[in-house]
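Enquirer: One letter stands for each residue in the lines below.
Protein chains: 2
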Amino acid sequence: MKLFVFFVAAVVLVAWPCHGAGYQRFPLRMKTGYGERSSEVKCASFRLAVEAHNIRAFKTIPEECVEPTKDYINGEQFRSDSKTVNQQAFFYASEREVHHNDIFIFGIDNTVLSNIPYYEKHGYGVEEFNETLYDEWVNKGDAPALPETLKNYNKLLSLGFKIVFLSGRYLDKMAVTEANLKKAGFHTWEQLILKDPHLITPNALSYKSAMRENLLRQGYRIVGIIGDQWSDLLGDHRGESRTFKLPNPMYYIE
Amino acid sequence: MKLFVFFVAAVVLVAWPCHGAGYQRFPLRMKTGYGERSSEVKCASFRLAVEAHNIRAFKTIPEECVEPTKDYINGEQFRSDSKTVNQQAFFYASEREVHHNDIFIFGIDNTVLSNIPYYEKHGYGVEEFNETLYDEWVNKGDAPALPETLKNYNKLLSLGFKIVFLSGRYLDKMAVTEANLKKAGFHTWEQLILKDPHLITPNALSYKSAMRENLLRQGYRIVGIIGDQWSDLLGDHRGESRTFKLPNPMYYIE
Chain U
850 MKLFVFFVAA
860 VVLVAWPCHG
870 AGYQRFPLRM
880 KTGYGERSSE
890 VKCASFRLAV
900 EAHNIRAFKT
910 IPEECVEPTK
920 DYINGEQFRS
930 DSKTVNQQAF
940 FYASEREVHH
950 NDIFIFGIDN
960 TVLSNIPYYE
970 KHGYGVEEFN
980 ETLYDEWVNK
990 GDAPALPETL
1000 KNYNKLLSLG
1010 FKIVFLSGRY
1020 LDKMAVTEAN
1030 LKKAGFHTWE
1040 QLILKDPHLI
1050 TPNALSYKSA
1060 MRENLLRQGY
1070 RIVGIIGDQW
1080 SDLLGDHRGE
1090 SRTFKLPNPM
1100 YYIE
Chain F
850 MKLFVFFVAA
860 VVLVAWPCHG
870 AGYQRFPLRM
880 KTGYGERSSE
890 VKCASFRLAV
900 EAHNIRAFKT
910 IPEECVEPTK
920 DYINGEQFRS
930 DSKTVNQQAF
940 FYASEREVHH
950 NDIFIFGIDN
960 TVLSNIPYYE
970 KHGYGVEEFN
980 ETLYDEWVNK
990 GDAPALPETL
1000 KNYNKLLSLG
1010 FKIVFLSGRY
1020 LDKMAVTEAN
1030 LKKAGFHTWE
1040 QLILKDPHLI
1050 TPNALSYKSA
1060 MRENLLRQGY
1070 RIVGIIGDQW
1080 SDLLGDHRGE
1090 SRTFKLPNPM
1100 YYIE
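Protein chains in written order, with the numbering used here: chain U, 850 to 1103; chain F, 850 to 1103.
Errors might be hidden in some of the hints.
One copy or two, it doesn't matter: identical chains are merged, so the pair holds either way.
Stated by the list, open to error - Within a straight-line C-alpha distance of at most 20 Å, the following computed SDA-like cross-link-like pairs (lysine to any residue) qualify:
#1 Lys-919 - Val-890
#2 Lys-1032 - His-902
#3 Lys-908 - Phe-940
#4 Lys-908 - Tyr-941
#5 Lys-1000 - Thr-1037
#6 Lys-908 - Glu-944
#7 Lys-1032 - Val-1013
#8 Lys-1031 - Glu-1103
#9 Lys-1000 - Glu-885
#10 Lys-1000 - Ala-1028
#11 Lys-1044 - Arg-1087
#12 Lys-1032 - Ile-1102
#13 Lys-989 - Pro-1051
#14 Lys-970 - His-949
#15 Lys-970 - Thr-1037
#16 Lys-989 - Lys-1044
#17 Lys-1044 - Arg-905
The set of hints was computed from the structure by calculation and includes no laboratory data.
Since this is a predicted model, take the numbers as computed values, not measurements.
Kindly generate the complete structure, drawing on both the sequences and the hints.
Expert: Pasting the structure below:
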């Protein structure tokens, strides 16, 4: 019996990371010596591990985490978590002397504009990303503000910081993105940087690094970076910034 | 009324980050527009923000987070969170070809040896750190293993990785640390690096970077770093490692 448990555990442990689809299809349940974990507990650990960048490059969330993710997003914890992160960014900003070329960089999707209306129709990340469907949704220009980020955005503006939006959205979405930002309450910005489809970069991390390098060359001081993806926050050319990771338990962009 | 609320909020927002003691003395309650957050919700956000490195350099946890932290540590979530992080480290390790000079670096306190027995007598981080009392406790040599890390340690050893313990404990604790590690089930290691009190470094981050530089010079390949503090995981000379952040909602070491 002990050997069998060991064998099962070994197969589980070896098989898990080999799945291209990451967590989705593989049962997370493992004999642990302290009993089975409930989905709620396991998925809270999944979520924490995503936020602390311990779980990376997952293509879908585990199937058993659909309901816990839904509960998290729609309950008060997600908003509280967003609030705490935005507060920290504001506290940090409010302690600084503001120079005229100081910028805060914000991502767009799931940082200032919520894409939860899209994801709630697509299993909160359990389905693999479908660019066509997602683009259709983006092109509606109907994404609401993430309210805690909107508050922080307004506070940073009133402190005198300039705002740069830096997104992986392609340039053909410029008009709809501008309109959506304004509709959601983000009325002003120093720059809105979308991705030139001719620009070849290996991933979002290097694209965002390259765009930040441009900003530094233009004479801006990057004071803070706020995003829902680690690829917004890691990489080069971060200037003297502190970075702030907003919660996103639904997907990962490399 | 609206103005009054705004004024209170402004005072709260400005006053909060000015406290030397960080979160402790200041009421976290704020009018948010979506109702008051309970301590449970706020402290879960505090914890998440600490793990994702959004909250830094706190000297004590907020007073209202003592009970939620106690519940978290003593409930199954803390252990589940530790398990998930250790699993990720193992999955990552198991996909690599092992070279004879490949090492995993582990911290000691709250990474392999639990200091929860100490912290549960000191408010789970609500009291400012008392080096004398903590040293007395360390010198007992009675710290238990963190069970999920112990499992992972044994698995990494059986994959063929070498283990280096790198700790901010001072060199005078070498004997008690060796004995405590063995007593807790950590029977072997490639190196156990404690801090030379004559070595002056500005903080733990630079101390750990310097020690890693030594390891790289000695020809080791740093494959993974596992610690409960961001100062274990950030900084220079990380080789080709992936890093793994174990949960610690109780204190922060710069």
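Enquirer: Where does the structure disagree with the numbered hints, that is, which hint numbers, in rising order?
Expert: 2, 8, 12, 13, 14, 15, 17
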